[in-house]
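Enquirer: Each chain is listed here by its residues.
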Amino acid sequence: MSSAEPQAEPKAGPERRASSARARFPRPEPDRDSAPWWEAVRRHELTVQRCEGCGTLRFPARAVCNRCRGRAWEWVPARGTGRVYSWIVNHQVFMPAMAGEVPFPVLLVRLDDGEDLLMYGDLVDGSPGDLEPGLPVEAVFLDVDESTTLVGWRPLR
Amino acid sequence: MGTFRDRAAIAGVGYTPFSKDSGVSTLTLAVDAVLAALDDAGLDVDDVDALATHRVGDSTPPWVVAPALGLPEVTWYLDQFGGGSVSHSVIGQAAMAVAAGVAETVVCYRAINARSEFRMGGTGRGPAAIFDVQYQAPYGYFAPPQQFAMYARAHMNAYGTTHEQLGHIAVGQRANAAKNPRALKRDPITLDDYLSSRWIAEPFRLLDCCLETDGACAVVVTSRERARDLRHVPVLISGAAWAGGDSFFSGAGSGPGGTDLTVTEAARLAPRLYAMAGAGPGDIDVAELYDCFTYSVLVQLEDYGFCPKGEGGPYAASGALALDGELPVNTHGGFLSEGYVHGINHVAEAVAQLRGTAGDRQVPGAEVALSTSQPGYVLAGTSALILRSDT
Ligand SMILES: [Zn+2]
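Residue numbers (the numbering used here), protein chains in the order written: chain A, 174 to 330; chain B, 118 to 508.
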């Protein structure tokens, strides 16, 4: 979700295709709580839950608010921007599919929507050497194939 | 709180050899470790009425080990799900079972072929499909070194913690292992060796990571009264405490905002542990701190109150953790250099120190020990013990 583009205008095609090796990484295994979140990502929409009882935004997906215990919620669009909290650069080939991919970074991002909303993802259009705490990033959607879309993060400067 | 303080004691410890390939089943490892612990205590199989362990689908449960040993009767057992985070939970619960009168003599064991059969988080084996994992594994992020590296980077970002500070932990523990005949890695290393070891997942190098090990270890837990009639000075279980775990779930973890990954659940556990034992950080003579990675030692120095938050790096680099330092840590070399039996070998080392039988690595006059499990990162709770020599 690029903040520069109107949300009402879905992209015609995948914004970016992930490398073919990524198709051999573990696939997301949505549960009954998270399936709608993954479906939204597939539509290139970044969402979080908003508790209808107390208004708290939450992520990852689950059916009960851990602040008011309320069970009613709605999915709301996230701003699609955040700041880098932590990261690694992975070198070890922990599974065969990583052989052609290492080294690769993995980011942990705090969403601008809320201090405690954290999401993981790939670094897109950036070099690990440029990473620093608080670096502003925006969400980018990575289409792995016809069934799977992942989230990446592109530095905003 | 504290109703079972000092009511149970560790009366025996036993090991199998540590290796990269045991060549035997986890059942055989468990049986061998239990028998070795009983022999150390001066007890017989017929004296045992309970067995306790933990596993993550990688070992043999008590109801198989019991008939394999020919136990006459099992009055209590524990087969806890979990890895290193529950290593001390198992022993704490054994102490409760003894204090409650449900069992008289519990043997706690952990038996794993963690190198030859069940490598954590890899290699070629996919991650378990639970909770947080779905949001992480598709990015190639699921192995313990990656997860702890992410937390270590957050600590570096927040407090300026350095690679060299992590390196001091690896170098210091290797020096301890050099004095431990059981240790898998005994050749001394330098800070340069550390800094030139290959990357695993930045900021971690190979020498930040524990050894994947085949082996087993067991401890005998019985009443203080009974332990006093046995072969060794009893090592009392003075404190046992538990805490929940961290996650990246919003509103749930440690610290302000719920997602400060530089604070572990050990920070919540520590005050209760110290209160139960009637001790504080200044009373600890030796600390065996869960060291799946160098960073987990560093963060526990802070969260167990040995130094202020953010100062674990300078404290580790000060020399304080050496055998002759202010707070000897991982006197056996830890998982980084002795071997990785998922936590119980820390307890066994604490027992040796409190008995005064740790040989060249003995900390003179050690009377009180802290031994800890994985501090609550990575979808796991945590647990820890304070042990005291019954002299
Ligand atoms: Zn609520």
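Hints should not be assumed to be uniformly reliable.
Computed list of chain A residues with no C-beta within reach of chain B, every gap over 12 Å [stated by the list, open to error]:
| # | residue |
| --- | --- |
| 1 | ASN239 |
| 2 | GLU247 |
| 3 | PRO250 |
| 4 | ARG252 |
| 5 | ARG283 |
| 6 | GLY287 |
| 7 | PRO309 |
One side only, chain A facing chain B, incomplete, derived with CB under 8 Å [what the hints assert, rightly or not]:
| # | residue |
| --- | --- |
| 8 | PRO201 |
| 9 | CYS224 |
| 10 | ALA272 |
| 11 | GLY273 |
Rough simulated footprint, nothing fancy, chain B against chain A, three-plus residues with beta-carbon under 8 Å [to be verified]:
| # | segment |
| --- | --- |
| 12 | 225-235 |
| 13 | 254-263 |
| 14 | 288-301 |
For the record, the hints were derived by calculation from the structure and aren't laboratory data.
Where is the CB? At the ideal position from N, CA and C, for every residue including glycine.
Enquirer: Each hint should be assessed against the structure and marked as holding or not.
Expert: Going through the hints against the structure:
no., hint, result
1, ASN239, "5 Å, violated"
2, GLU247, "16 Å, holds"
3, PRO250, "16 Å, holds"
4, ARG252, "15 Å, holds"
5, ARG283, "8 Å, violated"
6, GLY287, "7 Å, violated"
7, PRO309, "15 Å, holds"
8, PRO201, "5 Å, holds"
9, CYS224, "10 Å, violated"
10, ALA272, "11 Å, violated"
11, GLY273, "12 Å, violated"
12, 225-235, "holds (count 6)"
13, 254-263, "holds (count 6)"
14, 288-301, "holds (count 9)"
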